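Colleague: Single-letter residue listing:
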Amino acid sequence: MRDRHLKYVLVLPAILVVFATAVWPLFESLRLSFYFGKLSRPNFPQDFIGLENYTWAFLEEPAFWNSVWVTASYTFYTVVLTTLCALGLALLLAPGGKLRRGVQMLLIIPFAMSPALIGVSFRFMFNPEFGLFDAFFGFVFPPLADISWLSDPTLAFWVCIMADVWGWIPFLTLVLIGGLASIPRDTIEAAQVDGASGWRVLKDVTLPQLAPVLAVVIILKSIFSLKTFDQVYMLTNGGPGTATQTLSHYVYFNGLKYSNIGYSAAVAWLMVIPMIFLTYAYAKFVFRKREA
Amino acid sequence: MTEARMLSGRRKKQFWGSLHLVLILAAIFVMLIPIIWIAMAAFKTHVDVYQLKLQFTPTLENFKIVFDAPYFLGHKLMNSTIVAFVTVLFAIPIATCAAYSFSRFRLRGETMMLVMILATQFVPAVVIVLPFFVMFRDLGILDTRLGLILVNLAIVMPFAIWMIKGFIDGIPIDTEEAALVDGSTRIQVIRNIVLPMAAPGLVTAGIFCFIIAWNEFLFALILTSKDAVTLPIGLALFKAEEGDLWNLLAAAGIIIMVPMFVLALIIQKHFVQGMTMGAVR
Amino acid sequence: MAGISLKNITKSWGAFVGVDNQSLEVHDKEFLVLLGPSGCGKTTTMRMIAGLEDPTSGEILIGERIVNDDLPKDRDIAMVFQNYGLYPHMTVFDNIAYPLKVRGTPKSEIAPRVNKAAEQVELTEFLHRKPKALSGGQRQRVALARAIVRTPQVFLMDEPLSNLDAKLRVTMRAELKHLSHQMQITTVYVTHDQIEAMTLADRIAVMKSGRIQQLGTPEEIYNDPANLFVASFIGSPAMNLIHGTVKDGQFITAGGRDVMKAGKGNRDNIVLGVRPEDLSIVDAGTGDFDVPVYAFENTGESVLVTGQFGKQRITAKGGRHVRKEIDEVVGIKADPDHIYMFDAKGGGRLDL
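Protein chains in written order, with this note's numbering: chain A, 1 to 292; chain B, 1 to 281; chain C, 1 to 352.
Bear in mind the hints are in silico, worked out from the structure with no lab data behind them.
Quantities reported herein were computed from a predicted structural model and do not represent experimental measurements.
No residue lacks a Cβ here, since even glycine has one placed at the ideal position from N, Cα and C.
You can trust all of the hints, since none of them are fake.
Covered stretches of chain C (chain B as the covering partner; in silico rule of three or more C-beta atoms under 8 Å from a C-beta of chain B):
#1 61–73
#2 84–91
#3 95–105
Using the sequences and the accompanying hints, generate a full structural model.
Modeller: In structure tokens form, the structure reads like this:
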């Protein structure tokens with residue numbers, strides 16, 4: 001077969017799989033979002049109701065707005081904290097040496113850990129009677145000793161954030177170490193010879209050159225933060241009350257617990273919208289690299 | 001430079017050097033402590049686990065219990081293994097063909113296809129799972145491994161295509177052209193030249209996808225209930241009425257994470273590349 | 001054995017034209033070098049002959065046959081790549097044997113032919129190694145052996161020496177010349193190195209912007225450049241190019257200060273070209289004109305004296321014992337048989 005035909009034959013199976021497993025369900029969800037669809041009743045999906053699911057979410061559901069708020073603040077805090085911690089750790093490890101190779105190996109380990117398991121282990125660590133972190137915080141700051149972390153709405157939210165940040169620091173650190181390593185050494189050395197202090201070198205030379213990698217890292221982390229489900233499900237299951245109910249959890253709850261498929265499809269599609277912008281930004285970085 | 005100044009300069013260096021070391025060690029400690037704590041709990045008796053003890057008599061009892069009735073973790077282990085393995089078995093050859101074509105040829109709508117593949121990775125899983133839940137219910141394949149494998153392809157394919165494409169991009173095209181001139185057809189080139197040279201990359205991508213499929217949670221939570229339950233969902237078994245059975249949870253946790261740690265260490269160099277899909281190198 | 005002919009070949013990618021309506025005849029058993037700066041279309045031309053790139057329009061013939069629609073494997077060619085294109089997972093033996101194996105040569109024939117090819121490039125003792133364990137020069141030899149193990153109709157070589165260090169390049173150049181003399185096979189060789197082109201070629205095609213500027217023997221290219229580009233591209237140190245006008249058989253430099261006897265008639269916008277080796281350094285007042293020395297460089301085997309007049313400079317090559325000081329005034333004398341005149345606007349050669 002000539003290349004000009006073969007090349008399309010080769011991509012066809014992959015495109016079909018992607019269409020069937022991702023593109024079709026995406027648009028099927030969109031279609032369902034215009035229906036009143038209760039899976040528990042016969043003749044699903046029952047009635048076409050236009051945009052009513054969306055207006056219902058916007059106008060009648062404080063729980064929806066609660067999830068939007070939880071997801072937005074969760075995303076903000078996890079992105080900021082993870083990026084800052086990872087940047088700090090990457091800068092600590094940047095000089096290289098034996099220690100770094102060892103640490104880099106260790107950093108892989110938490111990242112291979114299933115998010116669900118991270119949720120479980122943090123629930124364990126913050127157990128008020130025998131949790132290690134609970135005991136630790138009680139020890140350094142005695143007023144915290146008797147606190148039941150996961151029953152307090154604010155604290156439970158912050159435990160979720162801690163678990164998320166803990167789980168993502170290794171990955172971001174590894175990416176940033178790679179980014180730091182690709183900065184030409186002589187630009188940093190030139191700044192040092194020119195008389196810049198360590199802090200100035202970081203601010204004037206290192207960070208500006210790291211900016212594209214930082215941008216990629218922030219976009220990627222935002223996407224994964226917005227989608228968060230696994231560890232919140234295992235850690236707090238959205239509770240106490242709805243204090244940690246992210247949008248993904250809200251969709252799961254409405255769709256699967258109350259079998260309200262039409263409504264949850266509408267909310268799920270509202271999640272897709274910010275993703276489109278983030279994906280666009282991310283694709284720009286990917287293809288800018290390709291052309292370079 | 002006076003001697004005093006030299007001395008203070010050296011002191012300063014020593015101070016920063018040790019602070020540096022202390023910070024790194026602290027970071028390692030924070031990263032590892034939850035894992036170590038879980039690992040320890042897995043070997044504690046159900047009495048010891050409810051105390052903050054560092055010294056205890058290790059026992060393998062927990063591992064025995066989780067595989068026995070009523071938990072039957074072996075069944076979940078089997079499900080996880082089969083689902084992840086078959087997903088990879090389908091994903092890698094399909095992704096390799098596509099990745100080769102994307103890497104070596106200019107296609108009509110190439111950028112659009114690549115962006116589409118990239119974008120599917122970022123679609124929230126809850127969006128995708130709803131129609132599948134409805135469809136699987138109608139087809140009667142809810143709670144089967146087959147259903148789970150199908151949806152797992154959705155998450156694994158984009159990673160596989162982008163990752164393998166990265167590996168093939170790294171193979172010098174000279175070698176393939178030499179083979180074409182030397183008398184090979186395109187198919188022979190792929191079989192004799194590209195596959196052997198890309199083999200380590202394909203294995204890496206396969207392991208990476210295996211880890212992702214193994215750790216997958218939301219699809220399994222929604223699409224399985226009893227027969228096809230995978231390990232991460234199995235964790236929910238150990239929430240008893242009287243509270244969480246931490247020693248058993250920890251033992252199950254060990255069974256979930258240790259194989260993945262080993263696999264992750266094998267492919268550690270490429271982990272970052274896989275996750276970022278070509279945006280950083 | 002066969003010649004190659006390109007008939008009105010064009011290769012474009014969208015609006016970008018890589019090769020522009022180009023025709024070329026390569027004779028049977030000829031060693032033809034495509035020479036030019038990067039991006040001039042020389043590699044694209046070769047890749048179209050190999051079938052690795054399809055021409056946008058035009059015909060390619062190898063021997064009597066139009067090969068436009070033939071796959072590379074069906075064109076009966078062998079090619080040496082810039083980065084060698086060795087198969088890293090195969091031993092040297094298997095690398096060399098691959099063109100035979102994939103064409104279904106009987107097993108009994110393969111070993112002797114591989115051994116003979118390896119012997120020709122002095123690789124016999126490395127046959128069991130993988131390419132990774134070879135030096136750059138040895139890899140180059142494997143690539144050559146793989147090309148000569150069969151007897152193809154055409155050899156194609158894409159900058160084969162450019163990845164070698166300077167010393168090895170000279171050695172390999174001589175070996176390549178010897179080998180091609182032995183093989184007597186039509187060869188197209190792409191390079192940007194004019195010395196490689198001069199030493200190896202039967203004929204050189206100098207290319208720029210997708211067009212052949214001049215096609216001729218190395219002597220013709222060197223001694224009779226067709227235009228300003230060829231004149232300036234060939235020769236090291238480069239030909240002096242001096243702007244000026246011709247008036248009544250006198251060349252007047254653009255500054256209007258210096259005059260030498262050259263050309264005939266009247267014409268503006270002239271570039272006078274003369275090679276440094278066609279200029280001699282003489283005492284002030286005895287040459288065509290006098291200039292103060294701007295720079296004096298001793299290369300060991302000769303010296304280069306650069307003089308300045310107005311805003312232009314002229315470099316002359318002198319014997320290795322000549323010594324001059326900066327700002328010293330020297331006389332420069334040109335060999336009247338090797339002065340070239342070009343049109344400054346179009347770049348064409350003028351017969352003045």
